[in-house]
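A.B. asks: Here is what each chain is made of, one letter per residue.
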Amino acid sequence: MGIKRFFHQMGSPQYFYRVAGLWIPWLLGASLLLLVIGWVDGLVYAPTDYQQGDSYRIMFIHVPAAWMSMFIYMVMAFSGLLSLVWRVKMGEVIAVSCAPIGASFTLLALATGSLWGKPMWGTWWVWDARLTSELILFFLYLGVIALYGAIEDRRVGARAVAILALVGVVNIPIIHYSVEWWNTLHQPATITKLGKPSIVPSMLIPLLIGALAFKLFFFATVLMRARNELLERDRNTRWVKNLLEAEAK
Amino acid sequence: MNPIRKKRLYLIGLMLGGLGLATFLALKAFDDNLMFFFPPSDVVAGKAPKDHPFRVGGLVKVGSVERDGTHVEFDLTDNAETIRVAYDGILPDLFREGQGIVATGTLAGPRRVVASEVLAKHDENYMPPDVAKTLKTAHAEGIKGMREAAR
Amino acid sequence: MSEFLHMGGYAAYVWPSYGLALVILVYNLIGPLAQHRRLRAAILRKARRAGRHAR
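Chains as they are written, first to last, in my numbering: chain A, 1 to 249; chain B, 1 to 151; chain C, 1 to 55.
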């Protein structure tokens, strides 16, 4: 079983550190290339919207950022679960590395939503179910960061963080379905609803390219942070010393 | 899976299940408060508060908008009931006849709301103007076709 | 070009959105890179000091 062996190997810090180092440049390169293509397509070539004019171009950032805010949370919670149940050390490392990236994408989703809401809705902010639950997601990320920072022992801290992350998972379906369960000012989903998305292809393509770019960017930066976390945790071990001394030569 | 891991997984599953249930019940209890606005039917049925401001949301009836300087009055409908909304101030860019809005205001009669704020609600459609025009024509022709077929 | 920058009157909302996105992406790159450099320097410093004592 190739996959099983691969995951087993990735559980070793030394192996993970090396493989992640090989992947990061490719992930980053692909992500930045897609980002440029997506943004140029979205800003220059995508047509103006019949109702929102050019303000809808904010969606090319807002929607991928909002998707990422939830996706990263699920990655964080799943890694936390792996660390809690199977005591996978890499699960701890990935979970704590997710939090700052997730928080920044959530902030981006909230801020760009606000910048679109002011001219379109007529307000920067309303306390409807969608906006409120997304704000709670932001606070969950901040809580994870603060909790991990407050506990001296990294392994204990990671365990506490995993539990908090798992508890916060209940918020994810609430964010997603808030626009269907309750009436909100926020519009229902365009892309994920069943059947044909109610967006023309010339607008959908830059949106999907942007989303893919953000996703690859997340993978690259979470690996970068995970590598740092590994160095920090294993700073007194032989493999770290040997590796860094070999690099320094 | 070894028994200790299994136990840990069950414990976490139990915790999440309980938490999910508690959240569900709490949200169910506060259901009405989580609704951002009342539809016009609820206002007409007397469900909206009479002594303090509330939000009402619906579609702006086509052809009902009357402007007089910054004063605007229009009909708001949920396709069941219609109320009249009066408002003084700047309307958001998405405010259109036939589009959704949410107004904050107080009752000034059984079917009249004086609004202090009008917010536009966006539908989930994204398209350029020419596509919108084609769709509209196609829709109108479709209705015409259906009428003719019925005859 | 100026029409493009004007964004149909929504320049004040569109450009800050893209600007903030850039800031957040750059922050997510610079942050871990700087931390990596700091960590590496600290670990190497400590290793050299320990090496000198051992001799």
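Hints in this document: simulated from the structure, not taken from any laboratory. Among the hints, erroneous ones may be present.
Have a look at the derived ranges for each label pair, beta carbon to beta carbon [said to hold, decoys possible]:
no., chain 1, residue 1, chain 2, residue 2, range
1, A, Gly-149, C, Leu-22, 25 to 31 Å
2, C, Leu-22, B, Lys-7, 44 to 50 Å
3, B, Asp-68, A, Ala-150, 55 to 61 Å
4, C, His-36, A, Gly-29, 16 to 22 Å
5, B, Val-65, C, Ala-11, 26 to 32 Å
6, C, Ser-2, B, Arg-67, 31 to 37 Å
7, B, Leu-25, A, Arg-87, 44 to 50 Å
8, A, Lys-4, B, Lys-7, 21 to 27 Å
9, C, Lys-46, A, Ile-145, 22 to 28 Å
10, C, Ala-34, A, Arg-155, 21 to 27 Å
11, B, Gly-18, A, Leu-135, 34 to 40 Å
12, A, Lys-4, C, Ser-2, 34 to 40 Å
All residues carry an ideal CB built from backbone N, CA and C; glycine is no exception.
A.B. asks: Broken hints, numbered, in rising order?
C.D. replies: Numbers 7, 11, 12 - these are the hints that the structure violates, sorted from lowest upward.
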